[in-house]
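Taking the hints as your guide, dock the two standalone chains into a single complex.
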Amino acid sequence: MKILYFAWLRERIGTGRETLELPDSLTTAAELIDWLKAREARYAAAFEDPSVIRIAIDQVQAEPDASILGAREIAFFPPVTGG
Amino acid sequence: MSVCVQTEDFSIEAEIAALSAGRGDIGAVVSFTGLVRDNGGALRGMELEHYPGMTEKALQEIHDHAVHRWSLDGARIIHRVGPLAPGERIVLVLAASRHRQDAFEAASFMMDFLKTRAPFWKKETGADGQAHWVDARESDESAAALWLDDEEE
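Chains as they are written, first to last, in this note's numbering: chain A, 1 to 83; chain B, 1001 to 1153.
With the rest of the complex left out, here is chain B (with noise of 0.2 angstroms):
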């Protein structure tokens, strides 16, 4: 499974150690870890909604789209959903490649592709009890919108 949407916490090393496993070919193996940030104490968790089956196909696009366009020898995406705590992972890229620059590259824009196409919505409760959604951002879909500038060059 390349791609995965999950309860459950994830290990980093574990998920590097399977992705190259066996493999004397893989050079690079860039990870991006998202963690729950309390903005300063300000957030006492968020609760993670999804669509699911969109969610899979979504995060597979992404996946796939990353390997036909780098020289990838292999990629993941772990996502979180449900209740999340600060401090807490939510989710997890991993990208292997013979030399670092297409890994770096690929995980880039697997987190920027996520963060705009794969349908997660985050639902916040502040210290003070408060919950509200979370606005989408404009500069996340300005990054996503570059990579496709650049393939249309």
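Chain A on its own, in the form it takes in the complex (with noise of 0.2 angstroms):
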């Protein structure tokens, strides 16, 4: 599955992308984000606030409980500033 961060999330994870291969039993964003805290600090640290992580599942904006399975690409990043 590729992963991809941005904004102060890529900094404080320090990669843009990686592509990873998922356990079967992650169904939703949420999930996703406890495995990703659980494999390193600095995953622990980026995810530390859920209130300031929005998620997209193939480049949709999606809810935590929103399903991953069959996704090709989800994105984390932090409440968007453009404008």
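Since the hints were derived computationally from the structure, they do not count as laboratory data.
Note that the Cβ used here is the ideal one computed from N, Cα and C, for glycine as well.
Be aware that a few hints might be false.
[Unchecked claim] List of simulated lysine to aspartate or glutamate pairs, EDC-like, C-alpha gap at most 20 angstroms:
hint : chain 1 : residue 1 : chain 2 : residue 2
1    : B       : Lys-1123  : A       : Glu-11
2    : B       : Lys-1057  : A       : Glu-63
3    : B       : Lys-1057  : A       : Asp-58
4    : B       : Lys-1057  : A       : Asp-34
[Unchecked claim] Counterexamples of contact, computed for chain A against chain B with all Cβ distances above 12 angstroms:
hint : residue
5    : Gly-14
6    : Thr-27
7    : Glu-31
8    : Lys-37
9    : Ala-45
10   : Glu-63
[Stated by the list, open to error] One-sided excerpt, in silico: chain A residues whose CB lies under 10 angstroms from chain B:
hint : residue
11   : Arg-42
12   : Val-52
13   : Ala-56
14   : Thr-81
Shown next as structure tokens:
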């Protein structure tokens, strides 16, 4: 699964994209976040406050309980600040 | 192309001319241009990051939503990315219509949605050289939500 990170999430994790083999037991974005947090301290630090994490599944914004089954690309980023 | 993400600057005049070229039915073009504020000299510059692929889709959705909701004869969204200095143009929104009310409202809607739905992030560098990510503003979210309240009525 391709996982993308943007803005300060990218900086805290230390990469903007990675391809990870996810366990079949992961079915939602929130479960993926928990799994990432358990991997390494840098993920735990980046995802510390869930209220400032936004999620996109295949480039469409999604809620934490959204299914990631069959997704090609999942992105995590802070609230947007363009314009 | 009705939406565009680019590093280079844009010409407001050229964009309005392109939108209205060969048209005799357009009575109003509203344009909004966003500029980099220097916050009273406290800002040296900023870097705009985005999510290639999703950004274009999000802008196109905002554009299409506006065209669908108001009686528009054309609309255009351009957003710049990369390094930007104080005074530089960041974003352009154009809405063309027979009458001004639709054009005003559609331009305002597109900006409110762009600020809360399109995946851009600003990193500012202060005059002291310190860089920080800009926090999202609750007031921007409220402004966007008001348009949706209107739709549900």
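Compare the structure with the hints numbered earlier in the document and write down the numbers of the violated ones, lowest to highest. Violated hints: 4, 11; rest satisfied.
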